[in-house]
Each structure stands twice: as structure tokens, then as C-alpha cells.
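Listed in order, the protein sequences are those of chains B and H. Throughout, my numbering is defined as the position within the first sequence, counted from one, plus 7. Throughout, my numbering is defined as the position within the second sequence, counted from one, plus 8.
Bear in mind the hints are in silico, worked out from the structure with no lab data behind them. If you're wondering where the values come from, they're calculated on a predicted model, not measured in any experiment. There's no promise every hint is true.
Unchecked claim - Once the Cα atoms are required to be at most 20 Å apart in a straight line, the calculated DMTMM-like pairs of lysine to aspartate or glutamate come out as:
{"hint": "1", "chain 1": "H", "residue 1": "K207", "chain 2": "B", "residue 2": "D155"}
{"hint": "2", "chain 1": "H", "residue 1": "K207", "chain 2": "B", "residue 2": "E96"}
{"hint": "3", "chain 1": "H", "residue 1": "K107", "chain 2": "B", "residue 2": "D155"}
{"hint": "4", "chain 1": "H", "residue 1": "K107", "chain 2": "B", "residue 2": "E233"}
{"hint": "5", "chain 1": "H", "residue 1": "K208", "chain 2": "B", "residue 2": "E154"}
As the list claims (entries may be wrong) - Stretches of chain H that chain B covers, calculated by requiring three or more beta carbons in the stretch to come under 8 Å of a beta carbon on chain B:
{"hint": "6", "region": "13-20"}
{"hint": "7", "region": "89-98"}
{"hint": "8", "region": "104-110"}
To be verified - One-sided and incomplete, this derived list gives chain H residues near chain B with beta-carbon spacing under 7 Å:
{"hint": "9", "residue": "G115"}
{"hint": "10", "residue": "S118"}
{"hint": "11", "residue": "G203"}
{"hint": "12", "residue": "N205"}
Beta carbons are placed, not taken as given, at the ideal position from N, Cα and C, and that holds for glycine.
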Amino acid sequence: MKLNLKIWRQKNASQKGGFQTYTVDANTHMSFLEMLDVLNESLIAKKEEPVAFEHDCREGICGACSMVIDGQPHGPWKGTTTCQLHMREFKDGDTITIEPFRARSFPVVKDLVVDRSAFDRIIQAGGYISVNTGQAPDGNSIPVVREDSSLAFEAAACIGCGACVAACPNASAMLFVSAKVSHLGLLPQGKVEQSDRVLNMVKQMDDEGFGRCSNVTACEAECPKEISVANIARLNRAYLGAALGSEKEV
Amino acid sequence: MSWFSHFLNSSIGQKLIMSLTGLFLILFLVVHLVGNLQLLADDGGESFNLYTRFMTSNPLIKTISYGLYFFILLHTIMGIMLKRNSQVSRGPVGYAVKKTRAVGTSGLLSSKMAWFGIIILVFLILHMYQFWLQMKMGATPMITYPGHEGEYKDLYSMVIEAFKDTTFVVIYVLSMIVIGLHLWHGFQSAFQTLGLNHKKYTPLIKWVGKAYSIIIPAGFAIIPILVYLSH
Numbered sequence: 008m009k010l011n012l013k014i015w016r017q018k019n020a021s022q023k024g025g026f027q028t029y030t031v032d033a034n035t036h037m038s039f040l041e042m043l044d045v046l047n048e049s050l051i052a053k054k055e056e057p058v059a060f061e062h063d064c065r066e067g068i069c070g071a072c073s074m075v076i077d078g079q080p081h082g083p084w085k086g087t088t089t090c091q092l093h094m095r096e097f098k099d100g101d102t103i104t105i106e107p108f109r110a111r112s113f114p115v116v117k118d119l120v121v122d123r124s125a126f127d128r129i130i131q132a133g134g135y136i137s138v139n140t141g142q143a144p145d146g147n148s149i150p151v152v153r154e155d156s157s158l159a160f161e162a163a164a165c166i167g168c169g170a171c172v173a174a175c176p177n178a179s180a181m182l183f184v185s186a187k188v189s190h191l192g193l194l195p196q197g198k199v200e201q202s203d204r205v206l207n208m209v210k211q212m213d214d215e216g217f218g219r220c221s222n223v224t225a226c227e228a229e230c231p232k233e234i235s236v237a238n239i240a241r242l243n244r245a246y247l248g249a250a251l252g253s254e255k256e257v
Numbered sequence: 009m010s011w012f013s014h015f016l017n018s019s020i021g022q023k024l025i026m027s028l029t030g031l032f033l034i035l036f037l038v039v040h041l042v043g044n045l046q047l048l049a050d051d052g053g054e055s056f057n058l059y060t061r062f063m064t065s066n067p068l069i070k071t072i073s074y075g076l077y078f079f080i081l082l083h084t085i086m087g088i089m090l091k092r093n094s095q096v097s098r099g100p101v102g103y104a105v106k107k108t109r110a111v112g113t114s115g116l117l118s119s120k121m122a123w124f125g126i127i128i129l130v131f132l133i134l135h136m137y138q139f140w141l142q143m144k145m146g147a148t149p150m151i152t153y154p155g156h157e158g159e160y161k162d163l164y165s166m167v168i169e170a171f172k173d174t175t176f177v178v179i180y181v182l183s184m185i186v187i188g189l190h191l192w193h194g195f196q197s198a199f200q201t202l203g204l205n206h207k208k209y210t211p212l213i214k215w216v217g218k219a220y221s222i223i224i225p226a227g228f229a230i231i232p233i234l235v236y237l238s239h
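Chain B with its partners taken away, still in its complex shape:
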């Protein structure tokens, strides 16, 4: 199949970018990233600069691949990452527009690569639990309610790719933060630090310049792990509780 690609090219963060059009020979069995590999090989053969894009595991679990394909983060398939999208979705002769994730807090590094370290700093602010090192404790020594462990597990499926921010008309990171707050806070080991976690992560999220959630739910619709916006309500509850109910300063 022959495809026309309209790809955002940008040399670096300080220079202005723009779209360039390429044609590529792909076949329907390729993944989207393999199709870009083919394009890059042809560009290298012509001594042109290959298109920079992020990738790592290529099996939908690392959260490295990003890009917005025809207006949707991770492309048109529901509940999949870019690396899991296959070319059978497209038809011969199609034009595909490929852009980087757009948000003030995700500045473009090069071409389709954006700097998502804002998410790392939010995690550093409280997305962890403090445990003593040493031998692993017995698996069943702390009872966990079955429903809570299921909800925590669903939230823990978040791979931190940033598609929620890319999809949100407000560039809000609430789905990401709420997934982390839910997956840790629903479990007994994470409950101890929940007030600190919620206050610090929300503060960091605000400081990074992410937008305010207006319950559009585009984040859930585009999330490759289909994380529910019910987590955002849980974060709102936890934040109100921590701000108004705990001894902690806001």
C-alpha cells in the first residue's frame, strides 16, 4: 500500500516547525511504528534526516510512543498505543497527518518527540510509597478488600504516556494524576501517605502548567489503558478531604 504522510518536522525546541509530506510503501501487516521505520530507512538512504519519534517496548506497556495520528493521540483504535496500531486500519492512497502531543507542559524536543519529564516530577512529588528495605513481607499479611484491589489494579494500568493531556482541550493531567493517586491510595500500604501525596502531586501538576479539568472525558476516550474518569472524581474527593480534613498545609 502507498501512503502519503504529513509529518510535523521541527529541528529542536527553539526553532519553528512545520509539516512535510512524504510517501511510503507499507503493507497491512506492519505496525504503525514499523511503517515509520521503513520511512526512516528510505530517508537515511537518501541522506536525509530521519523522523525522530519515541518508542521502546513496542508491545503497549511502556508508554514511550506518543504522537497524534489524524487528530487522535495513539491513533484511531480504542485502548491501544501507537505501537499496537496496525496499518490494516488504513487504505491504499490515504493521507495520514502525524503531529507531536501538544501542550505547554510537553514542549517539543524534536519532530514528534516531546519532553514529558513534567510527569516524572509529578511522580517525584508523591507518586510512590515509602517502604523499608529488607526481606519481602508475606504476601497475605495485610488484608486488602477485593473491590479495592481491582480498582487499584485498573488504575495501575496507567503507563504515563500523556495521551490524556494531548487529548484534553484544557491540556489537563488530571487522569494521569488521579490514576496514580488511586492505585496507591486504594491499597493499605499507600493510605498512610495519601494526604501528603494528593496535596503534593496536585501542587506539582499545577506548577507544571497543566490545565484545569472540565470533565470533557476525552482523556478516558483516548487512554490506551482506558483509565476511567471515576478516578478523577476520586482525586477530587481525596484532595477536598486532604485540604479541608487533614492537618497538612495546602
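Knowing the structure of chain B, use the given hints to seat chain H on it.
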């Protein structure tokens, strides 16, 4: 800054203000509609004029009405701030192609909330000028009712007169549709912001929200339509 202003200035704090003021305005709409429905009573405007006297003279109602003006203002200012914040957070370069998918039926309306809000604000200014300001400043004809002491402002005739104007009725009905769309998202969104999202009661909130955003604006719109058709 104190912890409280930090809290109210946080992203979630600002949304909380939006949610609580919105819920207050939602409650206000019911009270307003109950009052308006008296325009349809077949008594030459007596019940409506007695009611407006009560609403403009009762000290408790007057106090609440100042709260109402304050909350409308707060909801508007906060809404503008949130829209501005969203534009800044989106960054300088937009998408060349953008498809927005959402979960459920209200999500896609939510990105239009600011526009709906601005239309509603324009309608409110017109509304306040036409009725409230005329009542306060203009020369309203007076009327007396047997069994009731003193003279009453004949707001009934003023409203009925306005509802005979085609342009006014069209603007009024269109504004009610916009209020319905604003409520369609706003009602259930207010509960989500308060953290009230649970499989036990969220389906009920969504159902009531949809019913509310049809019934209340339809209730307001039906009055000028009936008055217009019967004159």
C-alpha cells in the same frame, strides 16, 4: 497566602467554586420557574403581582438575591479564568487535525461551555435591563386588588407586553435552548467535580441532569410561547 487561598487557587479549588456556584444557580432556576409559571394563571396577573411584591420586599429573599448576583458574577469570572487558563495550557501551537472523542453524551458539549456561558450572560444582561431595571427605575403602572392593601406594581402587564414581541420571544426561546445545553453538561459535571462519581448513584445523577436540562428550560420557554400565541 493562607492555606485557604492556596486551596481555592488550586486547579481543583477553582473547579470547586465553579461547581458550587453552578449548583446554586441550578436551584435558583427552579424557584424562578415556579414564580414565572404564575404568569399563566387566569386571574389577570393578581397572583404574579402579589408574588413579585413578596419577592422584592421580603428581607430574607432580598439577602439571598444579593448572594445570587454575587454567585453569577463569581461563576462568570471563574469561567473566564478557566477558559484563559486552558488556552495558556494548550500551548502556542495547536493541532492541524483534531478529533475529540468523549465518553457519554455530555463530554463534547463541555468544550463549548464558555461560549454557552457568554451567550447566557448576554441574555442575562438583556433580561435584567428589560425587566429588573424597568421595575426598579422605570415608571411601572400601579394596580390595586380588592382584599389587598395598597398599590401593586403591575409587572404582569409589563411581561405580557414584552411576550407579544416576536423578536423577543425568539431570542428568549433560543436562549433557553442554550441554557439547556449548558445544563446538559453542567449538571452532572458539578457532581463529578465534587468527587461524587460512583456506580451506585452516578446513573441517577446523569438521568436527573438530563431530565432537568430539558424540563426547566422548556418550562421557561413555554410561557412566552403560550402568551404570544394567545394574543
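Practice problem: Report the numbers of all earlier hints that the structure fails to satisfy, in ascending order. | Solution: Numbers 2 and 3 - these are the hints that the structure violates, sorted from lowest upward.
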